[in-house]
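Colleague: Could you slot chain Y onto chain G? The hints should help.
The chain contents come next:
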Amino acid sequence: MEEKKIVYLTRKIDFCASHRYYIDELSEEENLSIFGKCSYRHGHGHNYSLEVTVKGEPDPKTGMVINLSELDRILRLKVVDVMDHKFINIDVPYFDKRIPTTENLAIFIWDSIIDAFDGCHLHRVRLFEDPFLFAEYYGE
Amino acid sequence: MVNRKISLTRVYAFSAAHRLASPHFSDEENRKIYGKCSHSSGHGHNYILKVTVKGEVDPRTGMVVNVEALDHIVKKHVLNKLDHKNLNEELKDTPILTSECLISEIWSLLTPHVKAPAIDKIEVEETRKNRFKYCGA
Numbered sequence: 582m583e584e585k586k587i588v589y590l591t592r593k594i595d596f597c598a599s600h601r602y603y604i605d606e607l608s609e610e611e612n613l614s615i616f617g618k619c620s621y622r623h624g625h626g627h628n629y630s631l632e633v634t635v636k637g638e639p640d641p642k643t644g645m646v647i648n649l650s651e652l653d654r655i656l657r658l659k660v661v662d663v664m665d666h667k668f669i670n671i672d673v674p675y676f677d678k679r680i681p682t683t684e685n686l687a688i689f690i691w692d693s694i695i696d697a698f699d700g701c702h703l704h705r706v707r708l709f710e711d712p713f714l715f716a717e718y719y720g721e
Numbered sequence: 009m010v011n012r013k014i015s016l017t018r019v020y021a022f023s024a025a026h027r028l029a030s031p032h033f034s035d036e037e038n039r040k041i042y043g044k045c046s047h048s049s050g051h052g053h054n055y056i057l058k059v060t061v062k063g064e065v066d067p068r069t070g071m072v073v074n075v076e077a078l079d080h081i082v083k084k085h086v087l088n089k090l091d092h093k094n095l096n097e098e099l100k101d102t103p104i105l106t107s108e109c110l111i112s113e114i115w116s117l118l119t120p121h122v123k124a125p126a127i128d129k130i131e132v133e134e135t136r137k138n139r140f141k142y143c144g145a
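In the order they appear, the protein sequences are chains G and Y. The first sequence maps to residues 582 to 721 in the working numbering. The second sequence maps to residues 9 to 145 in the working numbering.
Source of the hints: derived by calculation from the structure; they are not laboratory data. It is possible that some hints are incorrect.
[What the hints assert, rightly or not] Take a look, some chain G residues computed to stay more than 10 Å from chain Y by CB distance: (1) Ile604; (2) Ile615; (3) Tyr621; (4) Thr634; (5) Lys636; (6) Leu714.
[Said to hold, decoys possible] Partial selection, computed: residues in chain Y whose CB lies under 7 Å from chain G: (7) Ile14; (8) Ser15; (9) Leu16; (10) Arg18; (11) Gly63; (12) Val65; (13) Met71; (14) Glu76.
[Stated by the list, open to error] Taking lysine-lysine pairs in the DSBU-like style, the calculated list, with each CA pair at most 30 Å apart, reads: (15) Y:Lys84 with G:Lys618; (16) Y:Lys137 with Y:Lys100; (17) G:Lys667 with Y:Lys13; (18) G:Lys585 with Y:Lys13; (19) Y:Lys141 with Y:Lys13; (20) Y:Lys62 with Y:Lys129; (21) G:Lys636 with Y:Lys58; (22) Y:Lys100 with G:Lys593.
For each residue, glycine too, the CB sits at the ideal point set by N, CA and C.
Next up, chain G with everything else stripped away, as it sits in the complex:
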């Protein structure tokens, strides 16, 4: 029997959204001291770039770990349609009581897509807020 060969496949997808970091219980000055300009009243935005990595054995018939059109469908439905060109604090209920930091967005994306995979596993969610900052979540 041929040994198991595990392959990692990464797909990139972009979305644009606005957000604001602010703790309601604190004053404007306190928020400014924690979050800096990310706390400014009317929010600001980013071009996010998301990398989703799945792992698994290539299907012997198709040669694929996952059908990319299926992966794209999942990401479009669960991530892009939910956040693209939205104000995350207002338009995404998960962030009613959570600050939409890159860290929390990575966890949110993981939780949103983890149950959608059949025959392969979600390995990593890597979210770039801009070219100089990214958060990674491995489900740990």
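Modeller: Here is chain Y on its own, set in the frame of chain G:
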């Protein structure tokens, strides 16, 4: 949300000069080992430094680390020391400034100042073709 571990990576840039020449070898031997990198008057690179911290998200702030605070530490302890400098002059205790040696120097400069969460790994890109990763000894 409790106990989930997130890695956060911040990307920095600095430009510096160096020369690769081991004090254990003659000029001719250094030329054989390091090629044009041993050229006597040195040369330079646009370095990229990636700093990754790993820890739990603070439930109040939603952050693993305050990025501004991390920026301040990296600027103070690494970028101010190395950017637009000659590495051989700035890091005199490290006689060979390959990126392998440079990355462990940067680790030593940085890690004492980043405690909670601690640095998980750093990466140095010397050029687009050469990348180095260090997670501590």
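Colleague: Next step is simple, just say for each hint if it's right about the structure.
Modeller: Consistency of the hints with the structure:
no. : hint                   : in the structure
1   : Ile604                 : violated (6 Å)
2   : Ile615                 : violated (6 Å)
3   : Tyr621                 : holds (14 Å)
4   : Thr634                 : holds (13 Å)
5   : Lys636                 : holds (17 Å)
6   : Leu714                 : violated (6 Å)
7   : Ile14                  : holds (5 Å)
8   : Ser15                  : holds (4 Å)
9   : Leu16                  : holds (5 Å)
10  : Arg18                  : holds (6 Å)
11  : Gly63                  : violated (9 Å)
12  : Val65                  : holds (5 Å)
13  : Met71                  : holds (5 Å)
14  : Glu76                  : holds (5 Å)
15  : Y:Lys84 with G:Lys618  : holds (21 Å)
16  : Y:Lys137 with Y:Lys100 : holds (26 Å)
17  : G:Lys667 with Y:Lys13  : holds (27 Å)
18  : G:Lys585 with Y:Lys13  : holds (29 Å)
19  : Y:Lys141 with Y:Lys13  : holds (20 Å)
20  : Y:Lys62 with Y:Lys129  : holds (9 Å)
21  : G:Lys636 with Y:Lys58  : holds (25 Å)
22  : Y:Lys100 with G:Lys593 : violated (43 Å)
The structure is inconsistent with the numbered hints 1, 2, 6, 11 and 22, although it conforms to all the rest.
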